[in-house]
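Protein chains in written order, with my numbering: chain V, 1 to 248; chain W, 1 to 288; chain A, 1 to 282.
Rather than coming from a laboratory, the hints here were simulated on the basis of the structure. Among these hints, one or two may not hold up.
As the list claims (entries may be wrong) - Listed next, the in silico DSS-like pairs over lysine-lysine satisfying Cα-Cα at most 25 Å (straight line):
| # | chain 1 | residue 1 | chain 2 | residue 2 |
| --- | --- | --- | --- | --- |
| 1 | V | Lys7 | V | Lys226 |
| 2 | A | Lys5 | W | Lys102 |
| 3 | W | Lys100 | A | Lys278 |
| 4 | V | Lys77 | A | Lys93 |
| 5 | W | Lys172 | A | Lys5 |
| 6 | W | Lys102 | A | Lys9 |
| 7 | W | Lys172 | A | Lys9 |
| 8 | V | Lys182 | V | Lys204 |
| 9 | W | Lys33 | A | Lys129 |
| 10 | A | Lys93 | W | Lys100 |
Said to hold, decoys possible - To give an idea of the chain A side of the interface with chain W (calculated C-beta under 8 Å), a few residues:
| # | residue |
| --- | --- |
| 11 | Glu8 |
| 12 | Ser240 |
| 13 | Pro244 |
Given the structure is predicted, the values throughout are model-derived calculations rather than measurements. By construction, the Cβ of each residue, glycine as well, lies at the ideal position given by its N, Cα and C atoms.
Chain by chain, the residues:
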Amino acid sequence: MVKFDIKNLNIWFGGVHALKNITLQIQANEILTIIGPANSGKTTFLRMLNRLNELQSNFRMQGVVEFNKQDIMKMDKEKLRCQVGMVFALPTPLPLSIFDNIAYGPRLKGIRNMAKLKEKVEVALKRAYLWDEVKDRLGISAFNLSGGQQQRLCIARVLAVEPEVILFDEPCSGLDPISTAKMEETMLKLKENYTLVLVTNNVKQAARIGDRTAFFLNGELIEMDKTEKIFTTPSDTRTDDYIRGKFG
Amino acid sequence: MRRIKEFIIEKLILISGLTCVLFVLLIFLFLLKEGMSVFKTVSVLKFLLGKNWYPISEPPQLGILPLILGSLMVTLGAIIISLPLGVACALYIAEVAPLKIKEVLKAGIELLAAIPSVVLGFIGMVTLVPWVKHVFRLPTGLTALSGSIMLAFMAMPTIVSVAEDALYAVPKAYKEAALALGATRWQTIYRVILPAASSGILAAVMLGIGRVIGETMAVMMITGNSATIPKSILEPVRTLTATIAAEMGEAVVGSEHYFALFAIGIVLFVISFIINVSADLFLHKTKS
Amino acid sequence: MKNPKITEKVAFFFLFLATLLIVVPVGLIVIIIIRKGLPAINWKFLTDIPREGMRQGGIFPAIVGTLYLVLGAISFALPIGLMSAIYLSEYAKDNFFSRLIKLAIVNLAGVPSVVYGLFGLALFVVFFKFGASILSGSLTLGIMILPIIITASREALESVPYHFREVSWSLGASKWQTIRYLVLPNAISGILTGIILGLGRAAGETAPILFTVAAFYLPQLPKSIFDQVMALPYHLYVISTQVPNVEEKLRYGTALVLLMIVLFMNLVAIIIRYKFRKKKKW
């Protein structure tokens, strides 16, 4: 099943042509990893999927992005963002307690019943594999968690909104190797119920967990294929050069 | 439903913002509305340059030159005193003082800014005025000089804090480069930091002038309020602001005197407008 | 140039001297007022009406009047000021409107206080026919403290990191929900500071209330917002310049009460700022 259908997407910020004629599809229950050097447009692409780009005043776009066959620009953007969650590069707990961080999304939807909120928080934390580590101290500030825990808290926070797609924007760039391994494990398990799009500048990470991989360069989609294929027999030499570390 | 709520809130917020603009316009319009009437009987030139302010004689003589000169003299005196002191104090706080002393000094300056002007006027009356009278052997201590000293003091928080910000805004690299070349800290301050912060300091002085020209109560209480063209700084003067404050209570609504006081208000408004807009420009110049 | 080290020492000494020249008098002023005003302060002085042409009795009506004016001013200025700050910090792009509003605020901040008095007289007292009343005075003071509230609130709102907002939006919050549930709660200390500083300013100003509300001598409490009231700063002005033979003690006492009200508010503002700064995690 196709989750996202992107056709001829072009994005400009002022005079900068950030994405050039991108056409691709994202399937349900896959991990699509997006690799490419800095400024290749991968984050811009990711932020397009839940319409965070348009907050910048000089944003301009052409083309169509469909989510579940609906043009996202015609959707209510708050509703879209509930269905397409985002985990940012650095851990971004809000200045609230662990509980309130997770409950933030459900509360926005108008859920006020404490028992219901508690249940949602527990489920979300369990799915993000953080429950056992924090279940006795839900009331403390989220800033007291370690970096890796904070990042999994951010995942739990997204899960509590019950999205269909989760976007990850280099989620491990601020983490140590052990936390990174835990994050990857979490993402692999999430695949069963969600569609994941992962932007990463860690080529090995893409190889480890991506079902399919897309390679972006200078705002263009160079190629996209099964991860295995990209890493063994890419059809474009630039892809080959990049994953071998010749540039980037 | 939520969309509508959101829309209404957004518009309310925009309207509130625009209310500020409305207030400025209203202030100007109402000053004009009341003030312009005076120019039916007195020409603008005669009003600004007339040497006699006898608003209740018959017919009234409405020349505000003595008041303008009074304001100018007091302001000039105040700036001559407060500019070097204020900049020196800002330099000390920003570049020399150790951290703990810095906090105390800043608190002191904030304290000064908080003291109501009528309290400062009162204190000036009972301390500064007798002192000036005694030192210069004058018949009265209620003089332009007393006003200048008091106002210099009152302009200090503005000048010090704006100048201090300007000094902090100087890139650290400038300072480090100068020190690395073997300059002493004072040479660095004098040759590098001060010139680099000059436009911010200029803004500080302008805002200080704005504060001084607009100050009312303290000035009214200690400058003696004599509406004659002052010949020396040791004579009583009357400023534009004090004239409004002192006379509006007695002026009959709709009389020529009433209109003339509003016309003085226009003069003050225009002066402060020019000062504040240009100071703002200088400030933005420092930032970019 | 002789010895640069000695020049530096001399220069720094003069900078220090200049600083002392500013700060020491501030301390002296406060000390003088406290020392000479304290003997006047007693329960009767604070709760009695002025008697014998203000040469005897207390300052109760003036305290109450100032209280009313300050509360009136803030209840007018707070909603407008806070919403303007929200507009500038959260909604405004760098367009004509926002530049116009910023220019207006700069000017409101710079308009001389006596000009506010004139404006209040012309608009509220005469044009709207509110007369010299608490209403006119509060509105005039309210407009005067708008820039203080806007500037402080805006600073507080902008100090909340941008990525918090992004997180909130990405969780499906609308712009207003984000402001309401995330930005405002985290900016509250700065906003409170601004409010209290505005209150202090409104309590201390004299010129704006001269012709809009302040009563020379009115030994009774107001019954409605259309009544005149006495106010502390104006009362101090009156008994120090307009009424002969007032005991010095009474003047200092009045000055002390006014100063304490204003300083107390500033102290509260400083404490709030300090406490929240310590609590902040970002």
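How the hints compare with the structure:
| no. | hint | in the structure |
| --- | --- | --- |
| 1 | V:Lys7 x V:Lys226 | holds (20 Å) |
| 2 | A:Lys5 x W:Lys102 | holds (23 Å) |
| 3 | W:Lys100 x A:Lys278 | holds (17 Å) |
| 4 | V:Lys77 x A:Lys93 | holds (20 Å) |
| 5 | W:Lys172 x A:Lys5 | holds (22 Å) |
| 6 | W:Lys102 x A:Lys9 | holds (19 Å) |
| 7 | W:Lys172 x A:Lys9 | holds (22 Å) |
| 8 | V:Lys182 x V:Lys204 | holds (15 Å) |
| 9 | W:Lys33 x A:Lys129 | holds (16 Å) |
| 10 | A:Lys93 x W:Lys100 | violated (40 Å) |
| 11 | Glu8 | holds (4 Å) |
| 12 | Ser240 | holds (5 Å) |
| 13 | Pro244 | violated (14 Å) |
Violated hints for the displayed structure, listed by number in ascending order: 10 and 13.
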